[in-house]
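One line per chain: the protein sequences are S and D, in this order.
So the first sequence is numbered by numbering that gives the first Met the number 0: it starts at 0 and just counts up by one.
So the second sequence is numbered by numbering that gives the first Met the number 0: it starts at 0 and just counts up by one.
No wet-lab data here; the hints were simulated from the structure.
Take the hints with a grain of salt, since some may be wrong.
To be verified - In silico DSBU-like pairs for lysine-lysine, Cα to Cα no more than 30 angstroms straight-line: (1) S/K999 - D/K83; (2) S/K1153 - D/K83; (3) S/K967 - S/K920; (4) S/K833 - S/K800; (5) S/K590 - S/K541; (6) S/K541 - S/K720.
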Amino acid sequence: MLARLRSWLLTPRFDTEEQTRAARLLHAALLLTLGVALAAGLYGLRVGAPWTPAALSALALAAVLLAPLSHGRLRRAGWPLVGLWLLMLSLAGLLAPSLRPVWASGYLLTVVLAGLALGASAAQLTGGLAALAALAALGAADWPAVAAVLAAATFLTVSAARGYTAALRQALERRAQREAANAELEARIAARTAELEALNQQLQQELAERSRTEAQLRRSQDLLDGFLNALDDPVFVKDAQHRWVIVNDSFCAQIGRPRAELIGRSDYDLFPAEQADVFWQYDRQVLDTGTTNVNEEQITWAAGTRTISTKKSLFRDPITGDPFIVASIRDLTERQLAEERLFQSQQMLQRVLDNVPQRVFWKDRASRFLGCNRSFARDAGLASPEQVIGRTDLELPWHDLAAGYRADDQQVMDTDTPKLNYEEPQHTADGTQFWLRTNKVPLHDRDGRVIGVLGTYEDITERRQAEAALRRSERNYREIFNATSDAILIHDAETGRILDVNAAMLALYGYRYAEALALTVGELSEGVPPYSEADAQIWRQKAIQAGPQLFEWRARRRDGQLFWVEVALRSSEISGHGRVLSVVRDISARKQTEEALRASQERLSTVVANAPVVLFAVDTAGTFTLSEGRGLAALGLQPGEVIGRSAFELYADVPAIGQALRGALAGATLHERVTVGALTFDTAFTPLREDAGAVVGVIGLAVDVTERQRAEDALRQTQAKFAAFFQLSPDALSISRLDDGWLLDVNDGFTASTGYSAAEACGRTRAELELYADPADWQRLWAQLTAAGVVRDFEADLRRKDGAQRTFSISARVVELDGLAHFFTIGRDITERKRADAALRASEARYRTTLAHIDEIIYMTHPSAAHPDRSEVAFISDRVEAILGFPAAAFAQDQGLWSTLVHPDDIPAWQAQTAALYLDKQPVTREYRLRRADTTYRQIEDRVVPQLDEHERVVATFGVARDITERKQAEAERERLIAELGARNTELERFTYTVSHDLKSPLITIKGYLGYLEQDAVAGHFERFRADLARIGNAAEKMQQLLEELLELSRVGRLMNAPEALPLTALVQEALALTAGRLEQRGVAVTLAPDLPAVYGDRPRLREVFANLLDNAAKFMGEQPEPRIEIGVRSDGAARVICVRDNGLGIDPRYHEKIFGLFEKLDAHGAGTGIGLALVRRIVEVHGGRIWAESAGLGQGTTFCLTLPEPPAENAHAE
Amino acid sequence: MPSEPPVILLVEDNADHSELIQRRLAEHRVANRLRQVADGEAALDYLFRRGAYAAPALSPRPHLILLDLRLPRIDGLQVLATLKADGVLRRIPVVVITTSPTERDLAQAYEHHVNSYLVKPVDFAQFTRLMDDLGYYWLIWNRQP
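Build the full structure now, drawing on both the sequences and the hints.
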């Protein structure tokens, strides 16, 4: 209620000031009327005055009028209200004559009101009419008065209507004018809209261009994706919350989940918590420290449990600065397996080497040991094969023999000829002397150069001793066999066939050796019993069954002459064959003596007395009747001393004597060999008959054969020894005739080796047996044997009886047997040895070949003997030559070579890691660059494993170095691509952002002011019309400028003119011509240094660069009274920097980078769009140069520095 | 009702836009005193009363800051970050009014505790309405300590 009252009491406002003024007056009048009427009414009521109703009605009317007026609606309600008021007044005057004074005042009031509200003319008119009406009403309250009032009212109404019509017409005219103005405006708007549409179209084109650029970006993105996905190694990128944001296909495949399930998730979603903990810990390390870490982990995923190496590094989003973890994973499982396999293979080879009985060692060119097997180490008194590395023979127990060994080494290496199977002495640490059979073979590198020597040897001391014994024995045998004057025959026990004879036999019987072997015993005998073949057979049987037999035999010479021999038969089991050995002595002479004795006893007695015999006689009781002969002296007896004594008693301890005596007493003539004490006698016991023929005693003749017996025994023993050796020797022994090659005897070893028994072999030739697999071998051996008389260690393949071939080492020597040339062979089956040797060689070759074919350089070092703190290369695989261009031998010869090849920048890390290897004794993987022989560098990944002895000392290191240059290059290239792509992405994003912002800005201006134009036009206000139109125009122009400059900017990278060599002076002159206007306007002095160089690039673009820089400098000269620009060149290290220096406003260092941003201006009101320096930078960067600003700050002037490529050399000459 | 009309600091480098905003705020019958600066450096100078704005009379504390993002010298986001890092100034509501609808700008502005983020509509009617609502909301409905 109060608010409404207040709104009444407040003065109203209308559209126009005129109206407002009128309304305020009317408002005041009504308020006055209201106040007066209220006062009059109150007073009238109190005194009971009759005009009270009039006052009250005036009050009501004023209130009624005030309400619409205060609501600004008077103009619409004014005239009807005035008319109605006059009508009411007239009616009141008619009906209540007493009220006429009031009535009159009412008319007056109406006049005033009409005048106030509706204008002066209406007030006059109304005033006149009201006066007429008042006079009429006062004069006669009758019909004419009423008529007059009605007429006045009518007139009033009509004139009001006329006023209305005029006002209406005026309003219509004004509206027509407004519409015309509107139409004009619309036409202008339409024109401007068309312009804008054109602009819009251009913008659309630009946007299309932009979307093409974006498509390019997307392609780059796809390329990156493709590239990432083409990588075998799993790669992923995590954000700071450990969530995967990028994963490649390989990673998805390894994890076994599609990309969609991985992105945004973390390790805890996939792996057990304890594993994820570890991964996160590595992540945090990377995030916190920014360092790259590489970890090896066991992980179980799609492909099973694998060993992986994860490399994590920090990547910061160049735009947002958000950290990301970039990780690549390498599956090390295969490599580990391969390493293990290699290790096992190496182990196996080592084991083979260590287990062959041969000693194996290898040396370098300097005869330094590079390695050996275990048995060699043992000989050398070393605990392990590794200890031999780097030593020479001079440092080993046999140092006194070293000179000879080293001479051999050098000879083998210098002549590049293997030295095989020669024997040499050696002794061990404890002084044991032994004999070696040594092979030395040159070692070659891939190019066939000799890089060392491989030696093998075996201890042949025992064999040599056996051979020596054999030789000694053989010599003994031969001597005895041939020296003995007794003929010796060897018979087959069963057939009696003569298997062998000695020289004495051949001499005795007059046969040649070959003939002798073809003879039967019968042919050598008288041929009639008791000296026939059959008798001989009986004797042999006796010898076999009862032991050695000695008997006399009638033998026949080749010329048929018969003679007496004494035969000793002895059977012997020789390698399962029964053999009977006959020792035949010519006893013709003895026989003759006996004959002579028998012929003349007297003479005999004399002879006997002087002969070294004992002549004795006993009677039938065995009592000596005679004892004579010088032979008694040997028995310590005097002639006749024993006469009268019983022979049975005297020689009771010699049963043979008693037996013989009894035999002789029984009538037999007996020859017995009896042994008395130390002496042996061949004794003949002859019955002494009386004339009637009865035996009356025995006459005996004993010949002292002690010496002969001894010789015979010795011969027998030696022969047995030889035979035993001959038979028992495991080597294949044979004796053959030299002239025809017949085998005369072979031993069990021969049988075992060849399968031919002695019976099968003897009497046949090697050719008949087809013994030599290659008959040429035999021919060669034969040739050598006949030429030199001796053959040593001739290797040949022999064919066994069963057809199998075995390799033998055969030695042969010509020997004289019975004056005939024979030869003796000794063969040893070396098949197994050869096989082992070949296996060893193959193993060694495999070892070397394997190493040579492994892509990595495999090497071994050990602490230097001279400098224990340094290491020496003990072995390095041939692969090193392919990778570094230096032969493997170079590293062995020059121990410092490797370290001199390390890149100077990598040396500190390399040394630290090497030291760590020896300190921590843990495997170390190091990466560094090595200089090749051609001086290029290779990136090497080198994994070194120390080998420790039982005291935890590093005794060797094993290294595997691989060339990872290509891999590194690929990695670097990839990272460069990623960075470049990221940078381009950022640039493009910034560009898009800037463009959208800066192009949208004028649009807002245009649309905004168009809106105001429209509003103002409708309201009919044109005060700021022109200014707003200018704003719209400027915005549209700016937009056009922006678009053009953007086009220009986008062309910079795409449209390049062919680069040419441009003298900078000329280029700057061109730019000066372009900017002459502004420079002159500011009065800027430009000076060019005299030594400006030439640059190489796109002439129009580079001109634009300098024009922009000059223009920029002129623009920001500020209040500088002597504006100056200097163009010069300075050197920043290797770079040649071109400087455009001014002494203008200068730039706050904070904005040195910002000014190059697209559409960046430091001054909001400055002219231009802020694209100039962005364009300049773009052009310079497209040329591969850099540009930056230098300024100490405001008022200090600015220097723009830039680098540009120099012309290629030939162009420089062309200048 | 405050005894004095509220002060609005308008940071806008584009004079045309600045005029559009001022005009609409004036037409709208919300009494205010509007101060305008054209770059980020000037805005910070004003707020921290440095340089040309050292005298407090020249730099009455604004009740509302209307901030464009793309500004010469110092970027709008940096201005925002600087003043939101200040113990006193961070209480002043900052409304970003920019042409940029970029997600990143939006995210970063909120990262720096912007109070409201408005994108200038190209359409005039919408622009007008936005400015009206802005005036009502921040100067009439919104209560400040």
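Verification of the hints:
1. S/K999 - D/K83: At roughly 28 angstroms apart (the allowed maximum being 30 angstroms), D/K83 and S/K999 satisfy the hint.
2. S/K1153 - D/K83: Given that 30 angstroms is the threshold and the Cα spacing comes to 23 angstroms, the pair holds.
3. S/K967 - S/K920: Given pair S/K967, S/K920 holds - Cα atoms ~28 angstroms apart, limit 30 angstroms.
4. S/K833 - S/K800: 21 angstroms, holds
5. S/K590 - S/K541: 24 angstroms, holds
6. S/K541 - S/K720: Holds, at roughly 23 angstroms.
The earlier numbered hints are all upheld by this structure, with none contradicted.
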